[in-house]
Amino acid sequence: MSEQAGPFVPLNLSARLQRSAAGNPAGARLASGVANCFPGLEFDHRNLDRRFFPGLVVEFADPVVAQPSMGGVVTAVDLDDPVLADAAATHPHLHDDLTALSADMAADNRAWWIGRIVQGGVVIDPQTIHGLGLDSLGTWRIVRSLEPGAVQLVLNRFGDDGVAAGEVVLDGPRRDYLAAGDTIDAGYAPGELTQSLCSPWQHDFRDCGCYYWASNHPDIAIEAVQPDEEPGVPPPPGTGWVNWLRARPPRDNVPELGYYETASAIRTSPWCCAIGSRPTPTDRAPSRRPRPTPRPTSWWPSSAMAWRLSSTPSPSSTSTPGPRYARPRKWPPSPTAIWLRASP
Amino acid sequence: MTAVEADRWTPVTLGTRTGDAPGASGDPPWFHLVPGRRPLAWLVGGSQLFEMTPSDFDRLAAGDEAVVAALSDAAVTGPAWPDSPPEPPTAVSLALAQSCNLSCSYCYADAGQFGGPARRMPVDVARRAVDVLVDGAGGRRVTLGFIGGEVLLHREALHDVVAYAGDRADAAGVPIGFSITTNGTLVTPADVALFRIHNFAVTVSLDGDHRANDAHRRARDGRGSFERAVAGVAELLADPGRAKVAARATVTRHDIKVHERVEALAAVGFAEVGVSPLRTGPDRQARFAPTDWAPFLAEMVRAADAEVDRVGAGHRPRFTNLSTGLREIHRGSARPLPCGSTLSYVAVGADGDYWTCHRTVDNPAYRLGDLDEGLSATARQAFLDRRRVDGQEPCRSCWARYLCGGGCHAEVDEVGREGCDYIRGWLEHCISVYAECQATRPEVLRSMGAS
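Protein chains in written order, with our numbering: chain A, 1 to 344; chain B, 1 to 451.
Just chain B, same shape as in the assembly:
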């Protein structure tokens, strides 16, 4: 493993149950040491975090059998892999509009059209998808998402389907939530009212300030989208009602700054901001290259440290990459998959086909059936079995496998796993921040929901 050299984080992956080096015996590592002022051990199977004395840390690093045995007393096995077919999904996204008014250079959906002609989902198709979702809920809470393209290009369908789904869920006694991802440029007061009334989780794609955003997020005529997007969401940001509004920024290799993006979007009025590095998409020049990950980690760490200081000073958390990481570490989340794709979540394309997620719409390799024939249990199971972290390398040999889950399916299939060291480094930083804040700044964890 190549360690990311970033300030005080020097990843050290050690140990298997037999005390051999990782890979030598075939056993995956079951603990991971995080050096620092507070020596830590992360127990992989149950995502358990322990602090120890520097002496024990050194002895663990040296493979001292007594210390390894003592630590193993607390270890548990990894998350179980279900041996029964997956239940019906509880989340579905509808590609109401496989088209977009923007033409962002890096869009994985290729200007929202997923490589094909621009299409809109007929309302009856959307309603049938809602019927299947609600009928399969079995009393569980369901989520209906809208991701395009730009969904608001098919506004009538959106409003119709939301009303229909609300009534349908109420009649069935099924709790339902709604989410939407939009570029913000087409939001109308009627849309704002819809988001407020139905408790929407609204994700607005914006990359930062005017310059950072318009470098890639432009209309088809070449104009930047920042001003229109900000104007579009201004009313919603000023009074979100019961909606929860967040910004999601894509970071390209041309500008890997993170803190500045968070600051700029917070200045616009977003209470929550998350960032994601660009790994795939048509603009190869903007994608992250192998040499970009280490400096990007440093940028993430810089943004996280600034966030800790902010929250410690009494401000509300806003950098969701950090708060989400801390909450997952606090809970000890351990999962064999990176997301709910195919297991609890599927996407429905404009033509009524099921896909593993919103990113794989119209890619035959990810088709799971359609509304007529239903979701294919065989296809779902086969897809999941191939992607569980315990069944594939390099995930199986990675200490962070149950925190990471193996990475985005669509991205990994397209470009591999070049960013693993970054992911490990970021998780290590979050672990260190969690331990340090628990000891010295518990108010930070409380504010982020991680205590």
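In isolation and in its complexed conformation, chain A is listed as follows:
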């Protein structure tokens, strides 16, 4: 078999013009990204960690699916995860355990939540930490702190009365995230890492609330040359900087919404992914199991989220109407906080 040829390094301009690089440009790679956290610049870090445990998909980013009061929720078991096959040598039972979990989830819609996380003798239970429990972002913070290597994950399921109704113990490796060459490993589907980013073309950036912008998604553009534009009238045609979607008279051809209107419209507009029904990319493998749509649970942990309720229902009362959330807290309060290590 012939040895592979190349690379041929293009030196002059005409050679460089013809070069077609394979894969994403270097700026799209993790190693060169200026990655931040909420909701991230080149990608949303929370989407990276949703596959922190090979074979599991855990939702941290979606405030409805993950339910901020509940911690991380398992939304799917992905038995086609390529890293799962790699882990078979060190964790021979993992595939069977996940297969059983997948069958259980197909038969019973009650969600599995991340319970204890064990690594290197350190045990953290996001649901009882500090006596309050952590929300999905808090749980994600713990997951972020995991180091490469073996990790034990205990999943919990709860009955309608809020009492634990099942437990699954999984032993596996923490995902390495990167394949050779600093590329994100093949376990992630196209679009999965950026699916929760604010995007100008989805019109949702006005409700971003995070005051920064993806570096490759400019919200400033050069205005178009109008057919009836008079040359010489300052600014010269096609050179004026305009805030995208914020056209001003006399070229007010796009209505400028007020903040309230925008914030309201974003929930219902067809061009914005409806929160809670955002599809998970599924174009990687035909056998991929569709993500189950979590069912709102009537279970309500008494101590964990009382401070988030806009009213104060009786935690144990089954007659309490569906929980009404305050606006999700921005988490973490600063980018550096995410790097704090969890301590026993």
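Hints are computed from structural coordinates only; laboratory data are not their basis.
Beta carbons are placed, not taken as given, at the ideal position from N, Cα and C, and that holds for glycine.
Please note that a few of the clues may not be correct.
Distance windows between CB atoms, simulated [said to hold, decoys possible]:
1) Ala85(A) <-> Gly391(B): 28 to 38 Å
2) Ala100(A) <-> Gly63(B): 32 to 42 Å
3) Ala439(B) <-> Ala85(A): 49 to 59 Å
4) Pro85(B) <-> Ala179(A): 51 to 61 Å
5) Leu178(A) <-> Pro442(B): 25 to 35 Å
6) Arg441(B) <-> Ala150(A): 49 to 59 Å
7) Pro7(A) <-> Cys339(B): 31 to 41 Å
Go by the hints and put chain B onto chain A.
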């Protein structure tokens, strides 16, 4: 192909698309390997330069199909040949004076007279040529050149035509540039002012130092021209204003040194110096013979290496043969013709006839019409079709065909293509210098406008 044996450059021409030896299948070579510390492949069609591993280089040289296929992924076809008649030219040279005050032994124009009586172009003829040039510009930038003979023998016409052309171009909204080739001996302060004001590109024919120049460039009375030429251009060199002044040296087989000529002309004050070997002309003893090309290549390489060292040390580039070559390689120029002759450039003789270029004035084989009947589209097309590199051998089988373009029409028709190996060797050297400088001395390329 006979390789030029010159130091580290061993031309290797390999490969066709079918992997056969060049010529065996009729397919022209589409890549060329340049050995050296940085193994290189030149892809002929698009003038693309790639560096590769020594292993891949060896496999390409051996015809390994996998490597050839991988390289072919980047290859593009050669420059397209237009199927429509050529547009009106954007450059015209006027032989204002078909005569000269010098009588250089090697002059292709035979003391400026092109084999006929000494003549001057009437001003009205020159003006009509300007009218045609400007009217045919269609908004494109045009260049009006003056080449003789010695143009300054007809100074009044020069000044008149430049003023007229400037006004005419301004009125038509056509950008215009001017160029002149002179022996420098007759330049006056008024001429200097003209060159400065109108941004002239001034080429001064000087062959080197006093001895090298006066060996061939003499007045009709036998006196050398060096001192008069240097004195004539001194004011212009000291303060060129907006003019761009360069020296062009003709190299004869009696003295093939290049570096020394460049040094001597730089010492005179020229910021740019180019050299050209003598291939034609009445002095057969001075013309290059087949055995002269290899040592001349070595001389060119020596001058180029000295230039790289100079520029690398922070000095301004001055050896234009090298800087032009590097810029063309950097851009990846690919052309089916050697120059703009007949396509974008024509010459007008003293009598108002059109010729393919300034070198073919008064040669009936190169006539393209006159100012009365206009440029003949048929004659232009026929001339160009016969000379495109893809339509003639040995150019069609040469890897350097789109860099070289086939060589000067006038020279090739007169003496053939004896210098092809030299041209290939020089291009190979420039390619090697480009690759090496890009890796280790990028400041050299930046300074030469090749990065």
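Going down the list of hints, with the structure as the test:
1. Ala85(A) <-> Gly391(B): 28 to 38 Å: violated (60 Å)
2. Ala100(A) <-> Gly63(B): 32 to 42 Å: violated (58 Å)
3. Ala439(B) <-> Ala85(A): 49 to 59 Å: This hint is violated: roughly 42 Å between Cβ atoms.
4. Pro85(B) <-> Ala179(A): 51 to 61 Å: holds (58 Å)
5. Leu178(A) <-> Pro442(B): 25 to 35 Å: Holds, since leucine 178(A) and proline 442(B) (Cβ atoms, about 32 Å apart) stay within the stated range.
6. Arg441(B) <-> Ala150(A): 49 to 59 Å: holds (52 Å)
7. Pro7(A) <-> Cys339(B): 31 to 41 Å: At 36 Å between Cβs, range holds.
Violation of the numbered hints given earlier is confined to hints 1, 2 and 3; the remaining hints are satisfied by the structure.
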